[in-house]
Structures are given as structure tokens and as C-alpha cells.
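Engineer: Chain by chain, the residues:
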Amino acid sequence: DIQMTQSPSTLSASVGDRVTITCRASESISSWLAWYQQKPGKAPKLLIYEASSLQSGVPSRFSGSGSGTEFTLTISSLQPDDFATYYCQQYNSYPWTFGQGTKVEIK
Amino acid sequence: QVQLVQSGAEVKKPGASVKVSCKASGYTFTSYYMHWVRQAPGQGLEWMGVIIPSGGSTTYAQKFQGRVTMTRDTSTSTVYMELSSLRSEDTAVYYCTRQTIPTGGLGYWGQGTLVTVSS
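Chains Y and G, in that order, are what the protein sequence lines are. Going by the working numbering, 77 is the number at position 77 of the first sequence; the sequence numbering is gapless. Going by the working numbering, 167 is the number at position 60 of the second sequence; the sequence numbering is gapless.
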């Protein structure tokens with residue numbers, strides 16, 4: 001199975017901050033990576049697919065980059081609605097696997 | 108619009124089985140694979156497996172092999188996920204979910220079904 005490792009596990013930040021979350025795959029997954037945002041009691045929301053493509057309707061302050069084994073999700077200017085948990089997920093091969101999550105908290 | 112509507116919450120005893128349904132609408136049911144993802148309380152997301160609605164073939168995560176069965180009914184555009192030999196660690200919210208496009212991420216999600224396993 002491909003292991004997905006996110007860092008950090010928790011991130012404290014303020015409104016307006018630039019935030020970067022990293023995701024590493026245990027082997028190459030090309031660009032078959034997605035990022036999700038999840039709030040308590042809700043289903044995950046797709047933000048980015050194919051590593052860098054912005055899902056329709058998602059604000060442009062979210063961006064993704066990377067390929068192979070190293071990926072990043074960047075929020076250019078953190079907004080109050082962005083405090084949530086973020087997950088990366090590879091869909092290069094079965095079984096699909098998720099990172100353990102990064103909780104973005106208010107500083 | 109695409110909708111995935113799941114069955115309601117369940118409470119089961121250890122050793123029992125549970126069958127969760129997911130009714131799809133707003134698109135051609137047989138055109139997109141359907142995945143199941145679960146989330147235990149306070150934990151992360153875990154992919155369980157996938158079913159191809161057109162032919163019914165499945166791929167399961169090894170962790171669930173032998174305990175999970177995914178099926179579909181094309182006449183009602185419904186997929187089912189049955190998990191047997193339940194244990195307390197199976198207490199979780201179970202989601203059906205679909206990719207937005209064949210090369211995209213999981214952009215459509217059911218509302219989730221809470222399965223509680225307790226004696």
C-alpha cells in the first residue's frame with residue numbers, strides 16, 4: 001500500500017497568514033493526488049485534484065503543487081472559514097490512501 | 108444535480124452485520140465507480156473499497172477482505188455496503204462517494220451513515 005504522510009499534524013495560524021501543508025507519498029503517484037477540507041460533522045469537501053487543479057467553486061486562495069512523491073497545499077491568505085482539517089489522498093493505485101490529516105487551528 | 112442519499116444510522120451488537128445503502132441520482136448511475144470511505148470518531152479517513160456499477164466488479168482494501176461486500180442494484184441506482192463480524196472498532200461514519208470526473212478526486216459524498224457497534 002502507498003503510505004501518505006502529512007505534516008504538520010496541527011498548525012496554529014492567524015487570519016491572513018499564508019499556510020502550507022505538505023504531503024509525502026511512499027512511492028511515486030505521478031499527479032494523482034487530491035486535497036480535501038473537512039469540518040466537524042460534515043463530509044469532506046474536494047479542494048484540489050490532479051495535484052494542482054482547483055475544483056470548481058473553490059476559492060482561488062487555495063492552490064496545490066507537486067508531483068511524484070512530494071506535494072503541498074497552500075492557502076495564500078487564511079480566512080475564518082478555513083479553520084478545519086485537511087487531508088491529502090492518492091488515487092494512483094488501489095487501495096486508495098489518505099494522509100492522517102492536518103488540523104488548522106486559530107492562533 | 109448529483110445526489111447520494113444514504114440510509115439511516117444503525118446500532119449493532121458485536122458479531123452482527125450491517126448493510127448501508129446509497130441511492131444515486133442526477134447522473135448516469137453506471138458511468139461512475141462508487142467508493143466507500145469510513146471515519147471512526149475523532150479519526151481520519153479510511154478507504155474501504157470500490158464497486159463498478161456497470162458490471163458489479165469490486166476491489167476491497169485488504170483490511171476488509173472477507174468481511175465487506177459491495178453490491179449494486181441498477182434498477183434503483185443504489186449501491187450497498189455490507190460489513191460483517193462487526194466489532195467495536197467498526198464504530199464509524201460510513202460514506203459513499205464518487206469522483207467528479209474520471210480523473211478527479213472524490214467530489215460527491217453521501218451524508219454519511221453512523222454505525223455504532225456496542226453490546
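A portion of the hints provided could be inaccurate.
Straight-line distance between alpha carbons at most 20 Å, and here's what the computed EDC-like set of lysine to aspartate or glutamate pairs gives [unchecked claim]: (1) K107/Y to E70/Y; (2) K45/Y to D82/Y; (3) K39/Y to E153/G; (4) K42/Y to E153/G; (5) K45/Y to E153/G; (6) K126/G to E189/G; (7) K42/Y to D17/Y; (8) K45/Y to E117/G; (9) K42/Y to D180/G; (10) K170/G to D17/Y; (11) K103/Y to E153/G; (12) K107/Y to D17/Y.
Note that these hints are calculated values from the structure, not bench results.
Engineer: Work down the list of hints and note, for each, if the structure agrees.
Structural biologist: So, going through the hints one by one against the coordinates:
1. K107/Y to E70/Y: 27 Å, violated
2. K45/Y to D82/Y: Holds. K45/Y to D82/Y sits at ~12 Å (cutoff 20 Å).
3. K39/Y to E153/G: Holds. K39/Y to E153/G sits at ~16 Å (cutoff 20 Å).
4. K42/Y to E153/G: With Cα atoms ~15 Å apart, K42/Y and E153/G stay inside 20 Å; holds.
5. K45/Y to E153/G: Distance ~15 Å between K45/Y and E153/G Cα, so the pair holds.
6. K126/G to E189/G: Holds: K126/G and E189/G sit about 4 Å apart, inside 20 Å.
7. K42/Y to D17/Y: It is violated: about 25 Å lies between the C-alpha atoms, which goes past 20 Å.
8. K45/Y to E117/G: Not OK: K45/Y and E117/G at ~24 Å, beyond 20 Å, violated.
9. K42/Y to D180/G: Judged against 20 Å, a Cα distance of about 27 Å means the pair is violated.
10. K170/G to D17/Y: This hinted pair is violated, its Cα atoms lying about 40 Å apart.
11. K103/Y to E153/G: 17 Å, holds
12. K107/Y to D17/Y: OK: K107/Y and D17/Y at ~10 Å, within 20 Å.
Violated hints, in rising order: 1, 7, 8, 9 and 10; the structure is consistent with all others.
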